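Letter by letter, the chains look like this.
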Amino acid sequence: MTATHLISEDAFASLLDRLIQDMPVMGPVERRDQPGFYRFDRLEKTADLQVAYTTTTIPPKKFFFPPVDEMFTFDQSGPLHIEEQAEGSPFVLVGVHPCDLAAIEALDAAYAFPPADMRWIRRRKQAVIIGMECRPDDYCFCTSLGTADARAPADLFLTPLDEGYLAEVHSPMGSVLLSDTAARQATKNDRKAAEQVLQRKIEAVTARLTTSVSQLADILEYGGLTAVWRETAERCYSCGSCNITCPTCFCFSIEDTLDADLSGGQRQRSWDACQLLDFARVAGGHNFRGDRWQRVRHRWHRKFLYLYRRFGRPYCTGCGRCSRACTADINIVDITNRLVAHFQQEHKP
Amino acid sequence: MRRSEKKRIAFFDFACCEGCQLAVLELEETLLDLLSHTDIAAWREVMTGDEPPYDVAFCEGSICTRADEERLLRVRRDAKILVALGTCAAIGCHNNLRNRIDTREALEKVYGKAARGMDVTEARPVSAVVDTDYRILGCPVSLPEFIAVFKAILTDQPYRLPNEPVCVECKLTDTLCVYEKGRVCLGPLTRCGCGAICTRFGDVCHGCRGLVDEANLAAMPRVFSREHLHAIMGAVASGQPLDEERIRQMIALYNNYPELKIEDRGDA
Numbered sequence: 001m002t003a004t005h006l007i008s009e010d011a012f013a014s015l016l017d018r019l020i021q022d023m024p025v026m027g028p029v030e031r032r033d034q035p036g037f038y039r040f041d042r043l044e045k046t047a048d049l050q051v052a053y054t055t056t057t058i059p060p061k062k063f064f065f066p067p068v069d070e071m072f073t074f075d076q077s078g079p080l081h082i083e084e085q086a087e088g089s090p091f092v093l094v095g096v097h098p099c100d101l102a103a104i105e106a107l108d109a110a111y112a113f114p115p116a117d118m119r120w121i122r123r124r125k126q127a128v129i130i131g132m133e134c135r136p137d138d139y140c141f142c143t144s145l146g147t148a149d150a151r152a153p154a155d156l157f158l159t160p161l162d163e164g165y166l167a168e169v170h171s172p173m174g175s176v177l178l179s180d181t182a183a184r185q186a187t188k189n190d191r192k193a194a195e196q197v198l199q200r201k202i203e204a205v206t207a208r209l210t211t212s213v214s215q216l217a218d219i220l221e222y223g224g225l226t227a228v229w230r231e232t233a234e235r236c237y238s239c240g241s242c243n244i245t246c247p248t249c250f251c252f253s254i255e256d257t258l259d260a261d262l263s264g265g266q267r268q269r270s271w272d273a274c275q276l277l278d279f280a281r282v283a284g285g286h287n288f289r290g291d292r293w294q295r296v297r298h299r300w301h302r303k304f305l306y307l308y309r310r311f312g313r314p315y316c317t318g319c320g321r322c323s324r325a326c327t328a329d330i331n332i333v334d335i336t337n338r339l340v341a342h343f344q345q346e347h348k349p
Numbered sequence: 001m002r003r004s005e006k007k008r009i010a011f012f013d014f015a016c017c018e019g020c021q022l023a024v025l026e027l028e029e030t031l032l033d034l035l036s037h038t039d040i041a042a043w044r045e046v047m048t049g050d051e052p053p054y055d056v057a058f059c060e061g062s063i064c065t066r067a068d069e070e071r072l073l074r075v076r077r078d079a080k081i082l083v084a085l086g087t088c089a090a091i092g093c094h095n096n097l098r099n100r101i102d103t104r105e106a107l108e109k110v111y112g113k114a115a116r117g118m119d120v121t122e123a124r125p126v127s128a129v130v131d132t133d134y135r136i137l138g139c140p141v142s143l144p145e146f147i148a149v150f151k152a153i154l155t156d157q158p159y160r161l162p163n164e165p166v167c168v169e170c171k172l173t174d175t176l177c178v179y180e181k182g183r184v185c186l187g188p189l190t191r192c193g194c195g196a197i198c199t200r201f202g203d204v205c206h207g208c209r210g211l212v213d214e215a216n217l218a219a220m221p222r223v224f225s226r227e228h229l230h231a232i233m234g235a236v237a238s239g240q241p242l243d244e245e246r247i248r249q250m251i252a253l254y255n256n257y258p259e260l261k262i263e264d265r266g267d268a
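As you go down the protein sequences, you meet chains A and B in turn. Numbering of the first sequence is given in our numbering, commencing with residue 1 and proceeding in unit increments. Numbering of the second sequence is given in our numbering, commencing with residue 1 and proceeding in unit increments.
What the hints contain is simulated information worked out from the structure, not anything from laboratory work. Here the structure is a predicted model, which is why all the values come from computation and not from measurement. You may find that some hints are simply not true.
Covered by chain A, per the in silico footprint, the following chain B stretches (three or more residues, Cβ under 8 Å) [stated by the list, open to error]:
id, stretch
1, 141-152
2, 157-169
3, 204-217
All C-beta atoms in this analysis are idealised placements derived from N, C-alpha and C, irrespective of residue type, glycine included.
Given the sequences, and given the hints that come with them, work out the whole structure.
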């Protein structure tokens, strides 16, 4: 069984104080331009951490793979000289909700798939992750994807209780974090209280898929859903916001740029999005998914069919960011349920 | 990469605020780096003189008179590469709004008796009058794009206009969506490349870079029908229905030559 401790709010605050002195600590902070909205950013002080944040626009994957990531610089003024850009230094990521933990685990699998992405892997090794129990909003549907109680790859997972936090230790690093912190062994009652917090959360998640992820994969594979794809595409801008805010999307593009002196430059990669018109445009001008509905379909196929078959898990953790980010109100739960209903309608006994 | 010979460059302005050239001057040291690969043949905003021919002519503004037209045709003849600099030159901007009303009527309203003898034409972007080899969008021009195009020209490379909505750049910079604040933004329809400069600093996107390819205009009214937005837009539109026509009007503030499809991305 996982070792569990109870730490007071003060003890947690002094743990964070110490960490902030030692290394960069990233966590959810309130947006200055719009109170009530949050983003992951570097904590300057412990008080910056917003324990009760709802969600963020961009998931914490940005710390392992920045949206624009400089890979190396080159200089051609003499013989070609290439200098790889280091991935940064060790850091702590705190306040990660279960859906986002599951997403980091999903990306670990995807980026480890040969050929492994060493930049992701090296950055991941530099991070200590402290998870945090969450409060769902209208867009959350983690209970349909089995991620409501995800813990891996957190080193430590905290559930806020009246007395402080129930701290679950999930790795040797998790024990190290608690070693200098005033903590007592969690009691049966503490664990029960945390269990109740989880139960209340699960009950609060109202958005639900009407089918299991394995049936959904079968339905998508069977096909015949073009009517729903086309109808969804009619109101889709192809703006890619659903992809870019997704904690499990991992596509990127690579570009070289020259410095103004024209002899040096850099290669950088940045997050790409399969909903964008030019995503599947290739040399010669052909576009493999030139129609909007084909791109909409592709997104569902990636999330719930192709990657589900390859990695044994859907590449969606129910965080709801895509639905929230969509100005056209395309809600992933609604559309998925419409697909299921359409399939059932077509295959009435 | 081979360094090109020094290119002779020139800047010209037509009907515009010359804000694009000012923006370029704000590049300061980067501009000096770029200019070190060139000789300046003409640039009225910073020096006197004009010595054609040119390897590269940057043309800012719209073409509104016969004299403009003749001058532009002359520049085109004297330039190997012609660049439309900024939204006025590339896709039409505010000064093209006067095409909506009778030209004589507009002239008399603004200039009174002095309007007599003014040989004006329909206001058109540079790219509607002559062939352009490159286009740089924005009001004022996006400086990263200016630099990219400048470097592309110096190294004889094509330049591809970014073909994604502004939403992409908002998200990549972790900027809170304007719609979350209950405001209306043309970002989902507008070609990015500006680095989401307006939304990042608290404004909305007004669409100054024009429409992205295959912008889904038909989706916009549905978006505006979302309850909280409807309240706001209702006030803005002062009772006008939030239909596609109204949205086209908003877009047409900058992008009023919609029939001018951006095809010559330099690599076609």
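Against the structure, the hints:
{"no.": "1", "hint": "141-152", "result": "holds (count 3)"}
{"no.": "2", "hint": "157-169", "result": "holds (count 5)"}
{"no.": "3", "hint": "204-217", "result": "holds (count 5)"}
Hint violations for this structure: none, all hints satisfied.
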